[in-house]
Amino acid sequence: DARVTQTPRDKVTEMGQEVTMRCQPILGHNTVFWYRQTMKQGLELLAYFRNRAPLDDSGMPKDRFSAEMPDATLATLKIQPSEPRDSAVYFCASGAGQGQETQYFGPGTRLLVL
Amino acid sequence: GQSLEQPSEVTAVEGAIVQINCTYQTSGFYGLSWYQQHDGGAPTFLSYNALDGLEETGRFSSFLSRSDSYGYLLLQELQMKDSASYFCAVKTSYDKVIFGPGTSLSVIP
Chain A
1 DARVTQTPRD KVTEMGQEVT MRCQPILGHN TVFWYRQTMK QGLELLAYFR
51 NRAPLDDSGM PKDRFSAEMP DATLATLKIQ PSEPRDSAVY FCASGAGQGQ
101 ETQYFGPGTR LLVL
Chain B
1001 GQSLEQPSEV TAVEGAIVQI NCTYQTSGFY GLSWYQQHDG GAPTFLSYNA
1051 LDGLEETGRF SSFLSRSDSY GYLLLQELQM KDSASYFCAV KTSYDKVIFG
1101 PGTSLSVIP
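Taken in order, these protein sequences are the chains called A and B.
The opening residue of the first sequence carries number 1 in our numbering; numbering runs sequentially from there.
The opening residue of the second sequence carries number 1001 in our numbering; numbering runs sequentially from there.
Hints listed in this document are in silico derivations from the structure and should not be mistaken for laboratory results.
Simulated pairs of lysine-lysine, DSBU-like, Cα-Cα distance not exceeding 30 Å:
#1 A:Lys11 / B:Lys1081
#2 A:Lys11 / B:Lys1096
#3 B:Lys1096 / A:Lys40
#4 B:Lys1096 / A:Lys62
Source: prediction; values computed, not measured.
With the hints as constraints, model all of the structure from the sequences given.
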């Protein structure tokens, strides 16, 4: 049963600390998306990749957030330094690309910055 | 700008039919998707409409009118497990999707 995996599932950290979230997309999927979900803003697209190349990161605060795909099986989202307003659930999703409409979401990382 | 609108909350009775509407204004449009999300869970894909008309998948149907920038999700024979949030999402480019604010559906006995 192919699925997107994310680690960690929960993270509590203090303001100013670095946070790294990891995502393993479904094998064979060539598009990867990072979303942030809060009650206030809903589901926001932060960044996405096609064939490991970043295509759009306009939704991401550039001064503290960075997203990379070191290889086809791993996507990372880093926050440095973290702030309380970054507290949210971060979802990774992958898709088969080629214009396919379905995105498969991972279980999310629930981040709390104190 | 880009905007999607949905009702924030809908309540319906078990066994009944409910319709969740979505209107959108986006700079590009390839199609309209619907996702379901239970509390504490991840969004899961329900349906996709690229062309005008009604698509049916079991108890769920989705409709699109491109000329009206409007779509809806129709849930029939409601069950308690259908209580969840439902998001419409517009595919604005080859890969990119923008999500609506979500509609919280409560199914009551």
